[in-house]
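Next come the chains, spelled out residue by residue.
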Amino acid sequence: DAKTTQPNSMESNEEEPVHLPCNHSTISGTDYIHWYRQLPSQGPEYVIHGLTSNVNNRMASLAIAEDRKSSTLILHRATLRDAAVYYCILRRLIQGAQKLVFGQGTRLTINP
Amino acid sequence: SAVISQKPSRDICQRGTSLTIQCQVDSQVTMMFWYRQQPGQSLTLIATANQGSEATYESGFVIDKFPISRPNLTFSTLTVSNMSPEDSSIYLCSVTGTSSTFATDTQYFGPGTRLTVL
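Protein chains in written order, with my numbering: chain E, 17 to 128; chain P, 895 to 1012.
One or more hints might be untrue.
[Said to hold, decoys possible] Straight-line distance between alpha carbons at most 20 Å, and here's what the computed EDC-like set of lysine to aspartate or glutamate pairs gives: (1) 115(E) with 948(P); (2) 19(E) with 83(E); (3) 901(P) with 920(P); (4) 115(E) with 952(P); (5) 901(P) with 981(P); (6) 959(P) with 948(P); (7) 115(E) with 999(P); (8) 19(E) with 47(E); (9) 19(E) with 952(P); (10) 19(E) with 82(E); (11) 85(E) with 47(E); (12) 115(E) with 47(E).
These are computed hints drawn from the structure, not numbers from a lab.
All chains, please: the whole structure from these sequences, using the hints.
Written as structure tokens, this is what we have:
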């Protein structure tokens, strides 16, 4: 399974931008880069995904390096509710089924 | 909005017993998955629940220990059999679909079932 590497933890202040890095040097051409987050005592929730181009949605932005070996999740203005574990995942189709292989993720702490 | 529910939300069980966890979705989905999250750890995929056929298990997980059913497009069960304290975990189901509610390229997770085995 394709592996991602993320810092174990990061800390930021409320109302400031947050840049969460992810390395995925073994990514293949058909792997999508997905980000999920898990708030305390909840199941993971989808944040954003992309293949080659940068992506924006209402929750975050995803910046993908030109060689696709790394990506960065950007929270433009962090709030206390953004405190969670953020998972960077390479989604690949295996025999027609998508598979998500979760790494250890980055625990994001937001200071008021 | 679409809802994924799990029952029970939590349970405390004695070793050697079995527990069946239910996952109910309020609209039809194509794929259903079961994950385990051990204390302080990330999620590990147990199996893909296939409608009308046997589940597809990941390496390290076997049907005798984790039998799975999926009788229709909105419901699945995971049984944790002959439990030991090492089975204490959060068990989560997730789904993908083909509708605007559950997209094909995203997994949607239930709230999880917290299991403690004494």
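Against the structure, the hints come out as follows:
no., hint, result
1, 115(E) with 948(P), "holds, 18 Å"
2, 19(E) with 83(E), "holds, 16 Å"
3, 901(P) with 920(P), "holds, 14 Å"
4, 115(E) with 952(P), "holds, 11 Å"
5, 901(P) with 981(P), "holds, 17 Å"
6, 959(P) with 948(P), "holds, 14 Å"
7, 115(E) with 999(P), "holds, 10 Å"
8, 19(E) with 47(E), "holds, 11 Å"
9, 19(E) with 952(P), "holds, 17 Å"
10, 19(E) with 82(E), "holds, 18 Å"
11, 85(E) with 47(E), "holds, 11 Å"
12, 115(E) with 47(E), "holds, 10 Å"
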